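Chain X is fixed; fit chain U onto it per the hints.
Residue strings, one per chain:
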Amino acid sequence: MSKSAVDVPPMGGFNFDLCRRNDMLAKKGVNPPSFRKTGTTIVGIVFQDGIILGADTRATEGPIVCDKNCEKIHYMAPNIYCCGAGTAADTEAVTDMVSSQLQLHRYHTGRESRVITALTLLKKHLFNYQGYVSAALVLGGVDCTGPHLHTIYPHGSTDTLPFATMGSGSLAAMAIFESKYREGLNRDEGIKLVCEAICSGVFNDLGSGSNVDVCVITKGHKEYLRNHMLPNPRTYISSRGYTFPKKTEVLITKITPLKDKEVVIEGGDAMEE
Amino acid sequence: MSIFEYNGSALIAMVGKNCFAIASDRRLGVQLQTIATDFQRIYKFHDRLFMGLSGLATDAQTLYQRLVFRHKLYQLREERDMKPETFASLVSALLYEKRFGPYFCQPVIAGLSDENKPFICTMDSIGAKELAKDFVVAGTASESLYGACEAVFKPDMEPEELFETVSQALLSSVDRDCLSGWGGHIYVVTPTEIKERILKGRMD
Chain X
87 MSKSAVDVPP
97 MGGFNFDLCR
107 RNDMLAKKGV
117 NPPSFRKTGT
127 TIVGIVFQDG
137 IILGADTRAT
147 EGPIVCDKNC
157 EKIHYMAPNI
167 YCCGAGTAAD
177 TEAVTDMVSS
187 QLQLHRYHTG
197 RESRVITALT
207 LLKKHLFNYQ
217 GYVSAALVLG
227 GVDCTGPHLH
237 TIYPHGSTDT
247 LPFATMGSGS
257 LAAMAIFESK
267 YREGLNRDEG
277 IKLVCEAICS
287 GVFNDLGSGS
297 NVDVCVITKG
307 HKEYLRNHML
317 PNPRTYISSR
327 GYTFPKKTEV
337 LITKITPLKD
347 KEVVIEGGDA
357 MEE
Chain U
-9 MSIFEYNGSA
1 LIAMVGKNCF
11 AIASDRRLGV
21 QLQTIATDFQ
31 RIYKFHDRLF
41 MGLSGLATDA
51 QTLYQRLVFR
61 HKLYQLREER
71 DMKPETFASL
81 VSALLYEKRF
91 GPYFCQPVIA
101 GLSDENKPFI
111 CTMDSIGAKE
121 LAKDFVVAGT
131 ASESLYGACE
141 AVFKPDMEPE
151 ELFETVSQAL
161 LSSVDRDCLS
171 GWGGHIYVVT
181 PTEIKERILK
191 GRMD
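As you go down the protein sequences, you meet chains X and U in turn.
Heads up, my numbering is the position in the first sequence plus 86, with the first residue counted as 1.
The letter at position 116 of the second sequence is residue 106 when you use my numbering, and the numbering goes up by one with no holes.
A portion of the hints provided could be inaccurate.
[Claimed, not checked] Below, in silico cross-link-like pairs of lysine to aspartate or glutamate (DMTMM-like), each with a Cα-Cα straight-line distance of 20 angstroms or less:
no., chain 1, residue 1, chain 2, residue 2
1, U, 185, U, 151
2, X, 340, U, 186
3, X, 340, U, 150
4, X, 340, U, 154
In short, the hints are calculated from the structure, not lab data.
Every value quoted in this text rests on a predicted model; they were computed, and no experiment measured them.
In isolation and in its complexed conformation, chain X is listed as follows (with noise of 0.2 angstroms):
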């Protein structure tokens, strides 16, 4: 193995390795991969008392749906979430990642992180990779100075408004905010406009379906409502399920019994001299 394999890892950051092989297949006709994408509906809202987030749950790949129930509202702090849209592992790995510089943030000045530090940490890094990192995000929270409700482009470019929508599914959410948004709203209203704003991507966009997430932060409160509303139950199941009777010929079976580890915890005799 090559020297840098050896250090683990040794600065972090992206790898760039494979990319000369990579062309290579490119031009030969072999075509890279297509990436799981949050196909999506993410929408946010400024209430009365806070901010409201709303995200549906399907993930795609390509045209095939790959999982029927994923989370796409993701921590940042313990007052600010943010919803991602676009590659699935640009979203979480970017998302993960400030997440990890607020808590050292907040570790080193001893305060509550704020939202525009989680937006300036995410717009310097999407612009630093020039739109190739590509993740629409809809970060909102609630700090010291108010409610802040924020969307971030790919490219870095970012927008502060009271209602947002971003994805494949932002213009069917954007025609229900348009119509039925007013400042002063409170929580049940919100949050019944954000799962209408959802249910409209889900059954409109097709890139967008299953549940509905929401998430409500207030002054000094979260409340994370997974799978709030499910319009998409499977009711097709049939009762009796499928048995085999014909059973599956098998060539070789191979059994290896498993011992449960014992663990052995030391009495710390052995530095004692």
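Only chain U this time, still in chain X's reference frame:
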């Protein structure tokens, strides 16, 4: 032609009651020519952690070797085996590191975590984790596999029933895929034993 269709593969992992099953096909091909009918796609890292790798076979073997290295270092440092959740995060990080020049593999990870609760997960080639509670699939036959598993999956199956279900789903899906097949290789793991079986399938 996609890079994933160069060698051909099919992988399933499914959860049962305090057990899991992970199964693969056995064909190794170079586009339409078959060059091996006993190719191993599922690797054991320790008694309660298995990983299958679909996609380009050379990247699968390289990735397996890198992961074995990292896991052995972990065993030396921590003096215990890696939990499946930790292992999944390790694989995800290793794959995302190569975000702009990825390995052409899709891993399927299956293991027994604390209190013998089965854990399964899959990722795309850049490390986007998908944790499922029922089954995960990967490979050229993945579209048929999704359909077959959706139809026959039942929650809380006993090991023997789980074996039958996974075998039927695997064999029926690879029968509809030219690039995978030539039998099946299936591990059913419970807290007390690992049962490894080779299945007889259509050899075409």
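Status of the hints after comparison with the structure:
no., hint, verdict
1, 185/U <-> 151/U, "holds, 13 angstroms"
2, 340/X <-> 186/U, "holds, 5 angstroms"
3, 340/X <-> 150/U, "holds, 14 angstroms"
4, 340/X <-> 154/U, "holds, 16 angstroms"
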